[in-house]
Amino acid sequence: KRGTILRCFAKRLGLWLFLPLYGRLGEFARSGRGSSLFGLRWGWLEGGGDLGKKEGLAVVLGTPTATPPKWLGDRSPKILPGDREGRRRNFGGRRHYCFSSPPYREKTARILALLTKRYGRHPAGVGFQVEKELGCHGTVGCYCPNWRGAFRGWLRVKNGKIDALNAAWETVFWNQTNRDLGEVELPHLTGAEANPTPLLDYYRFALNLGRAYNCFQVNLLWNNAPGRFFTHNFMGFFNDLDPFALAKDLDIAAWDSYPLGLIDQMPLPQEEKVQWARTGHPDVAAFHHDLYRGVGRGRFWVMEQQPGPVNWAPHNPSPAPGMVRLWTWEAIAHGAEVVSYFRWRQAPFAQEQMHAGLNRPDFQPDVAFFEVQRVAEELSALPIPPAGCAPVALVYDSEAAWVFEIQPQGAEWNYLTLVFSFYSVFRRLGLDVDIFKPGADLGGYGLVVVPSLPIVRKEALEALSQADGLVLVGPRSGSKTENLQIPPELPPGALQALLPLKVVRGESLPPGLLEEAEGPWGRFALGVWREWVETDLPPLLRFTDGGGILFRRGRYLYLADWPSPELLFALCQSLAEEAGLHPRFLPEGLRLRRRGPLVFAFNYGPEVVEAPAPPGVRFLLGNDLWFPKLSS
Amino acid sequence: KRGTILRCFAKRLGLWLFLPLYGRLGEFARSGRGSSLFGLRWGWLEGGGDLGKKEGLAVVLGTPTATPPKWLGDRSPKILPGDREGRRRNFGGRRHYCFSSPPYREKTARILALLTKRYGRHPAGVGFQVEKELGCHGTVGCYCPNWRGAFRGWLRVKNGKIDALNAAWETVFWNQTNRDLGEVELPHLTGAEANPTPLLDYYRFALNLGRAYNCFQVNLLWNNAPGRFFTHNFMGFFNDLDPFALAKDLDIAAWDSYPLGLIDQMPLPQEEKVQWARTGHPDVAAFHHDLYRGVGRGRFWVMEQQPGPVNWAPHNPSPAPGMVRLWTWEAIAHGAEVVSYFRWRQAPFAQEQMHAGLNRPDFQPDVAFFEVQRVAEELSALPIPPAGCAPVALVYDSEAAWVFEIQPQGAEWNYLTLVFSFYSVFRRLGLDVDIFKPGADLGGYGLVVVPSLPIVRKEALEALSQADGLVLVGPRSGSKTENLQIPPELPPGALQALLPLKVVRGESLPPGLLEEAEGPWGRFALGVWREWVETDLPPLLRFTDGGGILFRRGRYLYLADWPSPELLFALCQSLAEEAGLHPRFLPEGLRLRRRGPLVFAFNYGPEVVEAPAPPGVRFLLGNDLWFPKLSS
Amino acid sequence: KRGTILRCFAKRLGLWLFLPLYGRLGEFARSGRGSSLFGLRWGWLEGGGDLGKKEGLAVVLGTPTATPPKWLGDRSPKILPGDREGRRRNFGGRRHYCFSSPPYREKTARILALLTKRYGRHPAGVGFQVEKELGCHGTVGCYCPNWRGAFRGWLRVKNGKIDALNAAWETVFWNQTNRDLGEVELPHLTGAEANPTPLLDYYRFALNLGRAYNCFQVNLLWNNAPGRFFTHNFMGFFNDLDPFALAKDLDIAAWDSYPLGLIDQMPLPQEEKVQWARTGHPDVAAFHHDLYRGVGRGRFWVMEQQPGPVNWAPHNPSPAPGMVRLWTWEAIAHGAEVVSYFRWRQAPFAQEQMHAGLNRPDFQPDVAFFEVQRVAEELSALPIPPAGCAPVALVYDSEAAWVFEIQPQGAEWNYLTLVFSFYSVFRRLGLDVDIFKPGADLGGYGLVVVPSLPIVRKEALEALSQADGLVLVGPRSGSKTENLQIPPELPPGALQALLPLKVVRGESLPPGLLEEAEGPWGRFALGVWREWVETDLPPLLRFTDGGGILFRRGRYLYLADWPSPELLFALCQSLAEEAGLHPRFLPEGLRLRRRGPLVFAFNYGPEVVEAPAPPGVRFLLGNDLWFPKLSS
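Residue numbers (UniProt numbering), protein chains in the order written: chain S, 1 to 632; chain H, 1 to 632; chain X, 1 to 632.
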């Protein structure tokens with residue numbers, strides 16, 4: 001019976017069987033009996049491969065480097081990472097290696113060589129997942145001596161002479177001047193706060209090492225297993241590594257979608273956490289689908305879809321009935337090529353034993369199994385057109401997240417919160433969103449939003465200059481140079497070419513300190529962050545003390561404040577109308593998403609509501625009443 | 001005058017003079033002048049012994065190993081423990097030694113030999129308190145190299161070959177396989193969470209070492225001071241060491257009762273903390289009396305009774321007038337053989353200078369002195385019958401606390417909270433409770449409750465099978481094997497022999513997410529934890545979505561949810577009535593406890609209330625109005 | 001134009017140009033080209049000096065030792081401090097040196113020699129700021145081996161023989177006895193809490209080292225730059241070093257006034273933090289002005305006045321319009337000789353790039369610039385008389401802060417909170433306050449308050465005995481000996497000579513536990529701390545349970561409870577009236593301060609209010625309506 005389902009998944013839903021290889025490197029080198037033991041594992045893998053052949057499945061093979069074996073750490077203790085507290089991390093857990101470790105590079109090459117030698121040309125193999133959730137558990141950075149040496153080397157390439165580095169970091173402040181690159185320390189365990197510019201360079205260097213390690217694996221696999229595609233499973237609300245940069249060397253972006261697990265990590269009030277505890281926030285999966293579709297240049301998968309309660313959040317509720325079906329359709333509506341569920345069967349042991357699967361530990365199908373089966377049947381009856389462009393473009397920048405993490409200036413300022421509040425507004429307005437990195441072509445979009453872009457590089461400015469639609473730029477944009485300094489012309493720096501104004505002061509406000517603003521769209525109480533602007537442009541919105549909040553020249557607008565959801569809604573609605581995008585106002589739990597001529601409608605709320613479909617529309621799935629949780 | 005009181009205590013109240021020896025080992029080995037100095041201390045001790053002779057006191061001698069002297073740590077730095085952060089702890093404070101340290105064993109033998117040589121046959125000596133609050137300040141576990149070696153040795157004995165260990169821990173997950181036992185690491189400082197099975201083994205090993213150290217002392221004392229009894233002072237809400245296991249080698253269990261100090265450690269809402277700030281929660285001392293009476297196989301003492309404000313809680317209020325008298329009577333009502341007060345006199349110096357005593361720092365009697373004097377007088381007029389069996393048995397398991405500490409799965413799941421909520425309900429119902437470890441004989445009890453027992457060993461199952469009364473089993477019971485894995489037959493595992501049902505899913509809920517349940521006893525709003533059950537048994541209580549909460553076969557019931565106090569009260573009242581136990585509903589601050597034909601009634605509340613005594617009853621102490629704080 | 005302002009500042013406002021030298025030591029010793037590079041920096045300094053000459057400015061030179069250069073730490077790693085966690089701190093940040101380090105003393109001598117050789121007799125130089133915010137970032141204490149050695153040496157001098165030390169510390173408790181001074185450990189990383197007496201000695205020793213380092217610099221400068229005065233910039237709400245002790249070797253005390261930055265550090269309810277977010281609490285700057293005027297024996301400066309949003313608080317709001325003018329006048333009203341603003345221009349780089357200045361990063365004057373200009377103009381028209389004595393004296397003791405930090409006994413007990421609540425009450429009563437260390441002459445004051453003085457030395461008792469006015473002594477005064485033990489005669493110890501009573505018990509209360517008190521001034525709900533007193537004096541105020549709260553003999557009063565603001569207001573008003581001080585009741589945001597015949601009135605509130613000035617008074621600045629923010 002399960003065979004049928006599996007084939008059904010494989011043939012109809014386009015489900016790919018992903019065989020995680022975690023923890024399989026260890027046995028490899030056992031002295032004396034290594035090959036036979038390893039052969040056992042190979043055999044297990046071959047089971048998967050054979051299944052692939054028999055059931056018509058295609059196999060994506062994960063590389064096993066996230067979990068170096070014990071003996072390797074014993075033999076080369078320096079592969080173990082150093083933490084921010086100055087300690088060498090222990091074996092145990094996972095991701096216990098340092099990106100900069102030469103012996104670990106060597107061992108990586110060795111295991112990939114063996115892997116590709118055996119499976120590189122296996123007929124069931126179609127692609128590789130390189131590594132696994134790179135940077136998870138705060139493992140992007142390392143503070144070991146080898147990392148420090150590599151950091152110095154990278155700085156040498158970046159800066160050339162030491163004087164250039166001292167100038168870039170302005171080490172004259174607090175007497176931080178280095179006499180040569182061999183003196184540079186990693187920015188941790190300092191008595192007072194470290195200089196923000198080296199901190200930003202530390203993030204950049206870590207990204208560089210992460211990318212290099214990914215490339216290293218891709219090149220090895222490419223050479224020995226030709227014709228396979230490469231992907232990686234990124235995470236939710238995670239910016240320690242820039243996914244756009246990493247994906248340059250990948251064919252497809254993938255992400256791991258845990259809508260309930262992510263609830264506890266979002267800065268929502270407790271009552272909203274409770275409200276969405278069993279459904280996930282209606283925009284959280286959608287946001288990441290759009291983000292990683294952008295990261296994958298149009299191609300993305302959900303590599304791990306939550307199928308039930310998980311084990312790693314502070315609270316792990318069971319999804320409401322139908323949610324796995326809804327989440328799957330939401331992914332498809334956003335253009336996912338594949339939705340894969342983690343895990344096939346709930347493992348009854350070790351760290352993740354409380355992580356549900358499609359099947360229970362007793363090998364019986366679990367709730368999600370039947371929901372996925374239903375999607376597979378629905379899919380078989382519904383031809384899915386390719387995903388087109390959205391009407392709205394959002395510019396997203398991991399570097400912005402770093403800048404504000406390093407110098408938030410106000411405890412409530414959080415880049416992802418700001419971005420997510422922009423994104424959510426468009427969901428409530430019924431408008432689809434495409435997400436781009438700074439510098440990407442923004443042509444053809446009726447409305448472009450830049451929630452905040454502190455460092456504006458030349459290509460980003462050019463892309464914004466050449467945008468066709470309205471462009472809304474958020475607070476603190478252009479507020480820093482590439483060296484994390486205040487630009488000489490003051491913020492918004494290079495953006496002054498488009499927006500002739502100067503931000504002469506910024507302030508952060510404590511929770512509860514709200515100021516009244518008034519304008520054509522109503523009255524708003526604003527907090528968190530406020531700027532003072534000098535400009536000849538008349539403000540479109542003012543505080544009651546007269547300070548301007550919103551400025552416009554031509555199709556460019558600048559928002560000099562942290563927006564409340566109400567302000568953002570009113571403003572974006574107005575801009576969307578001006579841009580001819582026909583925004584609507586969806587009730588709280590309802591969401592729309594288009595894919596070609598199809599309109600998908602999702603009901604995350606607890607009530608049955610009427611579908612706001614125009615008369616005469618044809619319902620392919622569901623009907624004109626939106627039942628929780630899904631109609632389309 | 002004080003001499004009289006002391007004799008009064010000794011003769012009438014049965015008060016034993018406990019001479020703590022803390023801090024007396026230090027001078028022992030001073031090169032050159034050791035013996036004379038030490039003699040001084042012996043002299044001080046002898047004062048106590050003489051007093052014993054003169055006043056008819058019997059002396060319980062504490063062994064002084066909780067505070068190794070500075071020179072010992074200097075000479076053998078490895079006796080100092082390693083903390084979880086990977087650091088060697090400093091001298092200073094107390095309990096600064098590692099259970100696994102061979103030189104500390106040696107020195108322990110030496111000091112005990114000297115102690116027993118001098119006092120082993122002293123006529124005033126009747127017993128020993130072995131060590132002091134073993135494991136206090138988080139000192140059960142250690143992370144030093146010697147401990148690691150001992151852990152490996154213990155694993156060798158437990159598992160035999162390395163393959164057995166790898167299988168028991170399922171090290172295949174995240175590639176944690178060890179090639180031999182010399183590779184096993186202590187589970188700390190890992191980048192991601194450690195495997196829960198080694199963590200559980202770490203707890204077990206720590207218990208093993210603690211027991212071994214206790215045994216080591218008992219054996220030495222036994223050989224050199226024949227005929228003395230052995231006791232140990234356990235703590236409140238403390239499970240790092242299993243007291244049942246430790247007490248196997250003791251004659252009498254004792255505990256240190258700090259009803260006010262414990263308030264801040266209990267997970268009570270702030271308003272309840274304020275309500276009971278001066279009285280202690282009405283069930284907290286009672287619960288521990290019952291627990292340690294079970295631990296001591298019927299024999300227990302209160303070794304340290306709080307006599308006034310203490311120094312170590314975040315807030316240290318003064319007990320309400322009469323509370324020391326009430327606490328003493330509560331202990332006696334629960335079967336305490338001795339109630340000893342800590343301390344005799346408030347020490348005006350060092351860490352505990354703000355810890356009140358029976359006497360003030362200026363040698364004047366403090367408030368508690370007179371309250372104890374009154375109890376002594378009351379006791380002299382009242383023959384106390386032996387304590388009999390209670391109508392309700394509660395099964396308590398330290399291992400359960402470990403399992404849920406290692407994998408709570410929901411931030412609010414706490415074993416002691418659950419146990420205490422069961423216990424409290426019976427106090428409100430006016431029913432006495434006996435507490436047993438899993439596997440103890442439950443014959444003769446009308447009602448047995450098992451708040452939660454994740455690992456059900458053969459003897460535990462057998463004892464439950466042979467119970468005479470109704471048996472109520474709580475959530476997550478039988479949910480794990482001995483290796484902390486999900487049992488192949490799913491939870492409640494071995495308990496399926498008694499309760500034919502399968503728990504196919506569990507979920508944890510965030511605070512504020514409550515689900516409505518309905519049944520014969522009313523409507524309840526339930527949160528924290530919910531299970532889904534597959535069974536042919538009809539549920540006795542359901543959620544409004546149809547899910548079953550309570551199942552029954554014969555006299556066995558299974559509760560598939562974290563119970564609210566209201567549900568627990570309704571359910572236990574109903575079961576108690578069915579069992580013929582005549583529960584009543586006591587007002588908030590009132591409690592009853594029986595000892596033979598005597599009924600003790602305690603009023604923890606602020607108001608005078610009428611005694612709910614049947615007409616014609618004789619009042620031995622107090623009258624038919626319950627004044628705060630005590631009547632009987 | 002800026003030249004004019006600067007001269008205006010210099011001539012009219014008495015503004016001194018302070019040239020911070022931070023971070024200028026680094027380049028000094030570059031092998032080979034040291035002098036020329038350093039010369040560059042000298043050149044920059046000389047710019048300042050020349051400016052001084054040209055504009056008539058006088059220069060206060062800061063010594064640059066807060067930021068040792070990288071090469072120095074590399075060559076002598078032991079200058080880097082050890083933190084409480086047992087780690088060596090990294091270079092980066094600032095204040096990365098240990099007070100006890102001999103090589104750092106050497107280098108200090110060297111750089112000061114070079115500095116004074118070049119600038120010691122420069123005509124523009126008038127004084128030195130020795131170091132900078134000594135102890136900032138928790139850097140008073142160090143836990144490196146050299147510090148430990150120095151601590152042992154200091155203990156040897158203090159105690160002589162080891163037996164004296166053991167007795168002073170009562171090491172018999174928990175067997176902490178040391179056999180010789182070479183055994184003494186620093187009190188950190190202990191498993192259980194460390195003995196409080198060594199902890200207090202650790203604070204004292206740290207003060208001693210801090211003083212010694214300050215003296216060391218003063219002596220070097222004195223010898224090589226004769227005739228200059230010495231100052232140091234202290235901080236707000238900071239007690240790790242006793243400013244009275246440090247200032248013995250200084251001519252003028254200075255402090256860094258950040259009224260908004262300090263808001264987040266004060267234990268205020270969130271709504272009050274919001275209320276004062278843009279103005280600062282109306283008493284916070286005033287309190288420190290009075291404190292540091294006392295520290296400076298009448299002479300104090302504001303060395304760094306906040307001119308706009310800063311960068312280092314969790315939230316950094318912009319001051320309300322006019323606040324920089326108000327803060328400046330408040331400082332002058334309290335007797336400040338100089339108000340200097342930090343910084344001249346906002347630096348666009350490094351850690352403090354978001355710290356506003358008088359000038360913006362683009363060299364344009366910022367808001368504060370014009371406010372300061374206005375003050376300068378106002379000042380030029382207003383002769384300022386010398387500051388006289390206040391009617392109320394407050395006794396302030398850093399050692400008290402240490403004692404209660406070491407053993408708070410109740411989580412809410414905080415010395416600064418208590419002192420500040422006393423101080424605030426007098427501000428609301430319209431009464432000026434002088435602040436003294438214990439032992440200072442209190443003659444001539446109508447009312448003396450001692451919020452709490454746990455350790456009462458002979459000179460403190462004498463000063464209180466010889467006070468002329470009413471003396472109100474707060475809770476826990478006299479509760480400890482110099483060795484942090486309970487005095488044999490019980491608290492208030494030596495104060496019993498003035499107040500014949502014994503405190504026989506103290507308790508701390510959890511938040512929400514309030515007890516009703518009643519007396520001639522009304523009813524009060526009191527929490528946090530309560531004492532029980534034995535005395536023949538009749539209580540002037542009682543709890544409803546009969547316990548006394550306030551006792552009086554002659555002109556001495558003892559308050560046996562943590563006072564609520566309401567109680568404190570009623571009590572101090574009554575005492576002030578009795579003392580003939582004519583207290584008034586000022587509305588919430590209004591404050592008064594006298595300087596000679598001038599009365600300054602400040603409005604921190606948002607509303608315009610009428611000036612409570614007597615008829616016929618002459619308004620020198622402002623008028624009879626108090627506009628926010630300032631009138632006088």
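Just so you know, the hints here were simulated from the structure itself, not pulled from any lab data. Take the hints with a grain of salt, since some may be wrong.
Remember, identical chains collapse to one label, so a pair may be satisfied in a single copy or spanning two.
Dumping the calculated SDA-like pairs for lysine to any residue here, alpha-carbon to alpha-carbon at most 20 Å [unchecked claim]:
(1) 273 <-> 224
(2) 248 <-> 222
(3) 78 <-> 185
(4) 458 <-> 619
(5) 437 <-> 489
(6) 117 <-> 102
(7) 117 <-> 461
(8) 161 <-> 71
Against the structure, the hints come out as follows:
no.	hint	verdict
1	273 <-> 224	neither (47 Å within a copy, 64 Å between copies)
2	248 <-> 222	within (15 Å within a copy, 64 Å between copies)
3	78 <-> 185	both (18 Å within a copy, 16 Å between copies)
4	458 <-> 619	neither (47 Å within a copy, 58 Å between copies)
5	437 <-> 489	neither (25 Å within a copy, 50 Å between copies)
6	117 <-> 102	neither (23 Å within a copy, 52 Å between copies)
7	117 <-> 461	neither (47 Å within a copy, 53 Å between copies)
8	161 <-> 71	between (41 Å within a copy, 18 Å between copies)
Of the numbered hints given earlier, the model fails hints 1, 4, 5, 6, 7; all others are met.
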